[in-house]
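**Student:** So you can see what is in the structure, the chains are spelled out below.
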Amino acid sequence: MKPFDIQPLTQRFPFVHADAFGNALIVPAKNLVSIVEWIQASRLYLCDTLSNVTGVDFLPKVIEEEGKDSEGNSVKIKKNIPGYIEVVYHFYSIELKRGPLTIKVRSNGRDNVRLPSLMPHYRSAEFQEREIFDLYGVYFEGHYDLRRLLMWESFEDFPMRKDYVPPNDNEYEPIASRHSGGDA
Amino acid sequence: MHTPQDDVTSDELEKAGVLVTSIEFIYNWGRSNSVWPVQFGLACCAIEMIATAGSRYDMARFGAEVFRPSPRQGDLLIVSGTVTKKMAPQVVRIYNQMPEPKWVIAMGACAISGGPFKNGYNVLKGIDRYIPVDVHIPGCPPRPEALIHAIMTLQDKIRTERSIVEKDRSNPAYGKTSREFPVPVYDGHDLKPPFNPDVWKPPSMTV
Chain A
1 MKPFDIQPLT QRFPFVHADA FGNALIVPAK NLVSIVEWIQ ASRLYLCDTL SNVTGVDFLP
61 KVIEEEGKDS EGNSVKIKKN IPGYIEVVYH FYSIELKRGP LTIKVRSNGR DNVRLPSLMP
121 HYRSAEFQER EIFDLYGVYF EGHYDLRRLL MWESFEDFPM RKDYVPPNDN EYEPIASRHS
181 GGDA
Chain B
1 MHTPQDDVTS DELEKAGVLV TSIEFIYNWG RSNSVWPVQF GLACCAIEMI ATAGSRYDMA
61 RFGAEVFRPS PRQGDLLIVS GTVTKKMAPQ VVRIYNQMPE PKWVIAMGAC AISGGPFKNG
121 YNVLKGIDRY IPVDVHIPGC PPRPEALIHA IMTLQDKIRT ERSIVEKDRS NPAYGKTSRE
181 FPVPVYDGHD LKPPFNPDVW KPPSMTV
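Note that the protein sequences, when read in sequence, are chains A and B.
Here my numbering is used: the first residue of the first sequence is 1, the next is one more, and so on.
Here my numbering is used: the first residue of the second sequence is 1, the next is one more, and so on.
Bear in mind the hints are in silico, worked out from the structure with no lab data behind them.
Certain hints may be false.
Unchecked claim - Chain B regions said to be covered by chain A (calculated; three or more residues, Cβ under 8 angstroms):
#, region
1, 40–54
2, 64–73
What the hints assert, rightly or not - Ranges of calculated distance between the beta carbons of each label pair, as one might list FRET restraints:
#, chain 1, residue 1, chain 2, residue 2, range
3, A, VAL62, B, GLY188, 26 to 34 angstroms
4, A, PRO3, B, CYS140, 53 to 61 angstroms
5, A, ASN31, B, PRO193, 45 to 53 angstroms
6, A, VAL62, B, ASN119, 26 to 34 angstroms
7, B, PRO202, A, GLU141, 54 to 62 angstroms
8, B, ARG143, A, PRO167, 31 to 39 angstroms
Bear in mind that the values here come from a model prediction, so they are computed numbers and not experimental data.
Note that beta-carbon positions come from the ideal geometry of N, C-alpha and C, so glycine has one too.
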């Protein structure tokens with residue numbers, strides 16, 4: 001299957017840009033639905049299949065950058081990069097035998113993450129968005145039935161987030177230090 | 001039970017066409033040769049269990065081929081695969097629904113300890129935290145031969161158990177009272193309680 005030519009899409013939506021590796025498009029959350037409607041309808045894309053939806057968690061981090069202070073000396077300036085949740089979509093066109101078209105949407109922060117749902121456009125998004133809600137805590141607005149999919153209803157927190165601390169039920173075996181109470 | 005002297009006597013009697021045995025021996029012989037498993041699989045170990053029941057390995061040779069679709073008709077629960085925390089209450093419930101006497105085989109690394117998924121947030125670290133296990137089979141997954149070996153080990157165990165005389169009973173499974181094991185409930189992050197202290201306790205470790 002040949003990949004899509006992303007040139008027409010970036011011409012139509014100039015604010016869309018490729019990620020650092022050049023194989024995915026980073027789309028602002030507010031434009032996601034209009035872009036998806038366009039690639040569904042456009043003769044160049046005809047994306048009839050949403051094959052995969054997944055989530056990625058990015059923790060906030062501090063990076064050091066070279067900078068100049070007020071006297072012109074070069075110093076290292078610490079910069080806070082806020083954390084975010086990224087949702088990755090893989091679209092295919094069975095009609096054109098093309099794909100995948102990878103689209104990434106980044107949330108604003110990691111608390112109360114709200115992103116538009118693609119369930120009205122692709123029925124295959126239903127369970128995958130429920131899974132992302134279950135494991136990463138992304139509230140998909142417009143989803144008809146947003147419930148936990150894998151964990152039980154009364155489960156608290158979102159277990160695939162990087163700062164999730166699993167319960168320590170390895171009562172007697174030394175375990176990795178990211179578990180609570182473990183001292184290995 | 002039989003002693004070597006008993007066997008000599010019974011051999012001589014058998015030559016004369018007389019069979020002398022105990023009712024306990026007959027019971028245990030019958031039970032050990034018709035262990036009916038509950039038709040219940042959890043993961044890839046279940047595929048090996050199905051292969052064991054098939055014609056190539058043929059569990060029917062040991063009287064254990066009748067997989068019953070209802071726990072009410074099963075004697076043996078083969079816990080074949082990873083027990084997730086979401087599944088664990090259902091496994092305990094199925095075990096509670098089985099009539100006495102009943103036995104459990106923990107098949108594979110996951111059912112014994114959580115196996116390769118042990119550090120997962122959603123994996124129960126061994127089904128023996130909630131129900132008593134008679135035979136553990138290591139392996140990932142165990143070969144059908146290993147499951148057959150576990151069934152033969154279980155048969156040996158059944159044949160040597162004291163099942164009739166009340167004061168000699170080695171296994172509470174032969175008692176008149178039905179044992180009901182508490183079913184864990186879902187909590188915020190883990191099951192509550194995390195294990196049944198009547199069945200399992202963390203081994204004491206001195207560091």
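**Student:** Give a verdict on every hint.
**Tutor:** Right, here's what the structure says about each hint:
no.	hint	in the structure
1	40–54	violated (count 0)
2	64–73	violated (count 0)
3	VAL62/A - GLY188/B: 26 to 34 angstroms	31 angstroms, holds
4	PRO3/A - CYS140/B: 53 to 61 angstroms	38 angstroms, violated
5	ASN31/A - PRO193/B: 45 to 53 angstroms	49 angstroms, holds
6	VAL62/A - ASN119/B: 26 to 34 angstroms	28 angstroms, holds
7	PRO202/B - GLU141/A: 54 to 62 angstroms	45 angstroms, violated
8	ARG143/B - PRO167/A: 31 to 39 angstroms	34 angstroms, holds
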